[in-house]
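K.L.:
All chains, please: the whole structure from these sequences, using the hints.
Protein chains in written order, with our numbering: chain P, 874 to 1131; chain V, 9 to 261.
Calculated directly from the structure, the hints in this document are not laboratory data.
Where hints are given, some of them may not hold.
[As the list claims (entries may be wrong)] Derived Cβ-Cβ restraints for the label pairs, each shown as a range:
no., chain 1, residue 1, chain 2, residue 2, range
1, P, Ser1116, V, Arg142, 14 to 24 Å
2, P, Leu966, V, Glu85, 42 to 52 Å
3, P, Gly996, V, Ala121, 51 to 61 Å
4, V, Leu115, P, Ala969, 36 to 46 Å
[What the hints assert, rightly or not] Which residues of chain V face chain P? A partial, calculated answer using Cβ under 10 Å:
no., residue
5, Leu101
6, His160
7, Phe246
Heads up, the beta-carbon is just placed ideally off N, CA and C, and yes, glycines get one too.
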Amino acid sequence: MRRGRLSGLAAGALPPAVFVLVLFVAWDLYVRWRDVKAYLLSPPVEVFRALATDPGRFADAAAESLTAALGGLLIASVVAFGLAVVMAHSRTLERALYPPALLVKVTPIVAIYPLLAIWFGFGIGPKVAIAALITFFPMLVNAVVGLRSIDPQAHDFMRVLHASRWQVFWRLRLPSSLPYVFAALRISVPLSLVGAVVAEFLSGSSGMGQLILIANGDFDTAGLFGAALVLAAMGVSLTAAVSYVEGRVLTWHDSSGG
Amino acid sequence: MSTGAAAIEVRGLAHRYHGAEGALQALDRIDLSVADGEFVSLVGPSGCGKTTLLRAIGGLLRVETGEVQVLGVDPEEAQQRRLFGLVSQEPGLLPWRSVEANVRLPLEVTGAAADVRALLTRVGIGEFARYAPRQLSGGMRQRVALARALVHGPRVLLMDEPFGALDELSREAMRLELLRLWESERITVLFVTHSIREAVLLSDRVVVMAPRPGRILDDLRVPLPRPRTDALEETPEFAALVTRIRAVLREAQ
Ligand SMILES: Nc1ncnc2c1ncn2[C@@H]1O[C@H](COP(=O)(O)OP(=O)(O)O)[C@@H](O)[C@H]1O
Ligand SMILES: [Mg+2]
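P.N.:
See the structure below:
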């Protein structure tokens, strides 16, 4: 069964891998054939050279961005889920808490960066804060819906047994919410990267955002492509990781693809 | 508990649902008494308040007026004393739990102890203990729901169209299964169905209901001998009862 899953994964990864390879070849041919200026479009070879000459620099920057993104995602997910538990149990509290939560969602995060910098300094603090703010809402909304998505017959059954709220929560609400939590994570994970990189653009102090700013200042187009490739790879890996865990945890759920 | 107190006693119960288009009288002036160990069916067209009545008795619905007592206490207290078992039309199993773990749920909630495997065998799903609910047919799932409703030793079993979603063959098998189980356990059963034949085959009494407002039209004894089998359905006594109930329902229309 594990073999089947792995070979299935390989079979799933093969077509996009072939496509990306074809894309790189076409890109390379196009640049050579049309003699495109390197500062407009670097040939793939140059991009890989940029990555290979100083991989440590990319790796360090990626690690900094990743730490901020995942830190923010973790904090936001925990707080949002906790709040969702409260909101799922009380319509009144839901009505009270939803508008402020929506406010967090609709406010352009960039606009409050200076405030965050004042409060959290110029280190990792504001990056984590932005990643958290940007991922907060998807988790909150999904978790509330998920915690409410309990099977009414199963709920009736537990109520007739005089199950406590606590028992209903652990045995029914929490497991029922998991498909929604994973859906939220699939949205939030790439968003958290966006948040971290945006914060780095604004502060210019570290991570992939700073690396991009520097490459941009140096007219280092290959470096820009390299940074984009690294970020894309990070997004893909994180999303794949979420899907993998989801497949492991939600074997009972229809969307897990059994 | 052999005081002769009724297992279920409903007096002057009325209930309205308040919706966007005003109030709907779901139940009106309901009086019902079910003796300890009796099997009573509620039949009637959909919308006549069968589910509402069942939920009121099970303490799942706070009624507007009237009184409900279960073995001498109110439904809330009856819940606390773990007197109820419940089977609904949809099995309502937890899909992330195996069959066995689903049936163990009431034991976790109530702290009672029971031999889950033995019970699974009794309801004919012993070999499916480790299966996930999604791997089972509708009939098998309903057997799991039945086992889950009985495992903690309830005194009053509430069943809301438990076989309503099953195909005819599974339905017949489940009826006989339930008869066999009940004839050995003799707990009180309140059984909602809109199949008249099903009600007559299973019950000591059939309570006939009508809608708008939800009310009780008639309450008929079923003087057929037990143990019962499906052969009973071919007898003239059976046919006569079915005809009588059908006439009561038609008259109300
Ligand atoms: N939660 C509810 N809110 C509003 N109306 C309801 C609700 N539940 C049931 N009703 C209405 O009350 C009436 C009785 O419903 P119900 O008890 O489910 O009947 P039955 O189980 O006999 O089909 C129906 O007209 C139904 O539409
Ligand atoms: Mg109903």
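K.L.:
Each of the hints needs a verdict: does it hold here or not?
P.N.:
Hints, one by one, checked against the model:
1. Checked against the hint of 14 to 24 Å, the C-beta distance between P:Ser1116 and V:Arg142 comes to roughly 21 Å, which is consistent with it.
2. The hinted range of 42 to 52 Å is not satisfied by P:Leu966 and V:Glu85, whose Cβ atoms lie roughly 29 Å apart.
3. Checked against the hint of 51 to 61 Å, the C-beta distance between P:Gly996 and V:Ala121 comes to roughly 57 Å, which is consistent with it.
4. Take V:Leu115 and P:Ala969: their Cβ atoms lie about 38 Å apart, and the range 36 to 46 Å holds.
5. Checking V:Leu101 against chain P: minimum C-beta separation of about 7 Å stays under 10 Å; hint holds.
6. A least Cβ separation of about 7 Å between V:His160 and chain P falls short of the 10 Å threshold, and the interface hint therefore holds.
7. Residue-level restraint check for V:Phe246 is violated (minimum Cβ-Cβ distance to chain P is 32 Å; threshold 10 Å).
Hint compliance for this structure: hints 2 and 7 are broken, all remaining hints hold.
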